[in-house]
Each structure stands twice: as C-alpha cells, then as structure tokens.
Amino acid sequence: MTDASLDQMTTREAGMGDYFALLKPRVMSLVVFTALVGLLVAPVAVHPFVAFVGVLCIAVGAGASGALNMWWDADIDGVMARTARRPIPAGKVEPGEALGLGLALSGFSVVLLWLATNALAAGLLAFTIFFYAVVYSMWLKRATPQNIVIGGAAGAFPPMIGWAVATGGVSVESLLMFALIFMWTPPHFWALALFVKTDYGDAGVPMLTETHGRRTTRGYILAYTVLLVPVALAPAFTGIGGPVYLLVSVLLNARFAYGAWLVWRRDEVAAEADGYATEKWLFRISLSYLFVHFGALLIEAGLRFYGIGGW
Amino acid sequence: MTIRVEHELHGRRRGRNTGVGLLLVGLVGIVFGLTVVKVLNLGDIRQFETFDHVARPQIEPAAMEAAGQ
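Chains A and B supply the protein sequences, listed in that same order.
Going by the working numbering, the first residue of the first sequence is number 1, and it counts up by one from there.
Going by the working numbering, the first residue of the second sequence is number 1001, and it counts up by one from there.
Careful, some of the hints might be misleading.
[Stated by the list, open to error] Distance windows between CB atoms, simulated:
#: 1; chain 1: B; residue 1: Leu1040; chain 2: A; residue 2: Gly275; range: 23 to 33 Å
#: 2; chain 1: A; residue 1: Ile299; chain 2: B; residue 2: Leu1042; range: 34 to 44 Å
#: 3; chain 1: A; residue 1: Met138; chain 2: B; residue 2: Gly1029; range: 29 to 39 Å
#: 4; chain 1: B; residue 1: Gly1029; chain 2: A; residue 2: Asp267; range: 52 to 62 Å
#: 5; chain 1: B; residue 1: Gly1026; chain 2: A; residue 2: Glu94; range: 19 to 29 Å
#: 6; chain 1: A; residue 1: Leu103; chain 2: B; residue 2: Gly1033; range: 19 to 29 Å
#: 7; chain 1: B; residue 1: Val1028; chain 2: A; residue 2: Leu99; range: 54 to 64 Å
#: 8; chain 1: A; residue 1: Pro25; chain 2: B; residue 2: Gly1033; range: 17 to 27 Å
#: 9; chain 1: B; residue 1: Val1031; chain 2: A; residue 2: Asp274; range: 49 to 59 Å
#: 10; chain 1: A; residue 1: Phe237; chain 2: B; residue 2: Leu1027; range: 37 to 47 Å
Keep in mind that the hints were calculated from the coordinates and are not lab data.
Virtual Cβ for every residue (Gly too), placed ideally from N, Cα, C.
Sequences and hints are given; from them, build the entire structure.
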C-alpha cells in the first residue's frame, strides 16, 4: 500500500464518533428523559438495574431509527445546510454501514428490552422504530405537508414505553403523556421551519411553509397550540398529576399560547425586519415547555413518594 | 512525503476497536446483571428444588413446616 492510497482511505474510514453521530445523540437526550419520566411516574416500582437497562434499550432503539433515517435521507441531508455535515453526506460513513448499524441496533434493543422487561414494552419499541424509519422517513416526509403531524407520533412513544416497562400495560396516564408530545411536535417544528425557510424547499421536502405558505403556517401554529393546551393540562387531574403540575402547566401554556398568538399576528415583513426574533423565541420556549412539563411530573412523583403529592 | 510508522488512520482504527471492545464488555455486564437481578427475584428457591429430576416430597414447603424446619 502506498502512502497516497493511505491518505485516500483516511477520508473513507469512520471513527467511533461518526457512528455515534448516526444515532442522533441530541434527539436521544429527549427520548431518554421522557422515557425515564414515564417509567418513574408509573405506580409500579422497578428494580433500578432493570430500569437502567430499559431506558438504555429505548435510547438505543431511538438511535437505531435515527441511523435508518440518515441512511434513507442521505440525499436530501446533503442539500440542507443544517444536515449537510451528517456522517453520510460528509463522506465519513458509507450508507450501507448506517443501514447495517440501524438494523443491528434495532434488533438488539428490542430483544434485550423484551428479555429485561416485557413483550408490550418491546413491541411498542419495535413499532416506534418502524414508525419513524418507515412510516415517517420513507412514506410521509417527502409526500405530505402533514409529515410533521403524523411523524410526531414516533417521538411521542418513549414515555409510553417507559410506563409499559414498569406496569406492563397502557393506561390513560401514558396515553396523555403520548398526546402531550404528539400535539407539541407540530408547532415546535413549524416555528423552526419559519426561520430556516429556504432549506426544506431546496431539498424538496413538502414542509407546510412551502406548500401552503407562511401565512397558513402561522395559523396552523396557533391552531395546534390551542389544541395542545387542554391536552397538556389534562394529566394534572390523573394519578400522575397534582397541584404542582397544574400550576407549572398553566404558566407554561399561557406563555406558549402567547408566543403562538404573537407569531400568528406577525407578517413576513415584520419577521424579516427583526430576523425572525419572535419565531426563534417561540422555538426556544417550545423546548423548555416540554422539558419542564415532564420535570413537573417527576416532581409530583417525588412528592408522592413522601406522601404529599397528588390531590 | 515520508512513510510514518504510526499513521493517523491507525489511531482511528485503534479507537474504533477499543470502542467495540468496551461495548461488548458492557453488553456482557448487562446480561450478567440482568441474570443476577432476575435470579434474586425468583423467591423461595425450594420451589425449584422440590422436583429436581427426582420427586423429593420431604423438602416440599408443607412437609418442611410439619417437620419444624
């Protein structure tokens, strides 16, 4: 082997960090947090080691679906500035490697979750991976502007799986945690789509901003936020909620609804003038909105442990 | 360009091999830990010993209680 060929290989051969980047570690942090909350607020105690393995499997399963998504979307990732540096478009990882890693980790995480906990949790994880990789990435993302709405279900499953790890079942509480993330996803992503405007259109992804225009998107953000409010408040009146959650949720929803209303009132001229400051603010508070809601559920569970939580 | 004994590529491969090694050790640890947890949560071990190849009615819980053990 000549030195020149060695230098060519260095650009082709991936390091450990490149494979890790395929698993979308930032998305994984939200998955780990919501799954952990779903598991901890459940009324059934789980051995700490089993809980650790359960959350690890959910995180690895989410990462596996991320790798499958990057394999499928490598062509459009290379077009968009936000995703052009992902391992496949950057030339660090071969598409086949991402596919192999995604499939292998999917199998490992589902089987291990089944062995460690129960069949329902493993089945929900398998369905989540299928939903994100096949239903969202392959079927919806390039076909309909409702991609974000229906695809949001994939991100909404983790707390439900966490709950199933502990209880072995599905209940109104776990469905409400699912619904909270499901309804939150569209306004969150549409706020993002408003200020990264040129990217999705260049890649041929039919985001609502491209197909129906920005005025309609602003209306949709407000409409989905109005629908989100009762869904977010509802857990307060179930077994996992209480006054702390209710108070936190009322404040967060008031702020989020106010932000959505501000975004709805603005037109493109005003948004261009201040560099989409309000849209960016709405996107930022949407992140804390979800984290703090689930944090409040965790606080309620902690209070219940000391006999002072709930109603 | 001189040929170096240690190329950057070797370092990257070593890092990858070390990573895979650690992941495998982690997997062994998880399977071992799960086994320990599940065995410890099985409850009274006599339920499994009672009919281990040969029926031993004398170590059934009721018989042992009657014998004062």
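Evaluated hints:
A hinted range of 23 to 33 Å for the beta carbons of Leu1040 (chain B) and Gly275 (chain A) is inconsistent with their spacing of about 59 Å. In this structure the hint that Ile299 (chain A) and Leu1042 (chain B) lie 34 to 44 Å apart at CB holds, the actual value being about 35 Å. Taking 29 to 39 Å as the suggested C-beta distance range, the pair Met138 (chain A) and Gly1029 (chain B) conforms, at roughly 35 Å. Remark: the range hint 52 to 62 Å for Gly1029 (chain B) to Asp267 (chain A) is upheld by a beta-carbon distance near 58 Å.
Roughly 25 Å separates the CB atoms of Gly1026 (chain B) and Glu94 (chain A), a value that falls within the hinted 19 to 29 Å. Taking 19 to 29 Å as the suggested C-beta distance range, the pair Leu103 (chain A) and Gly1033 (chain B) conforms, at roughly 26 Å. In this structure the supplied range 54 to 64 Å is violated for Val1028 (chain B) paired with Leu99 (chain A), their Cβ-Cβ distance being about 26 Å. Separation of Pro25 (chain A) from Gly1033 (chain B) is about 24 Å and conforms to the stated range, judged on CB atoms against 17 to 27 Å.
Checked against the hint of 49 to 59 Å, the pair Val1031 (chain B) and Asp274 (chain A) passes, with Cβ atoms roughly 55 Å apart. In this structure, Phe237 (chain A) and Leu1027 (chain B) meet the distance hint of 37 to 47 Å, their C-beta atoms being roughly 42 Å apart.
Checked against the numbered hints listed earlier, the structure breaks hints 1, 7; every other hint is satisfied.
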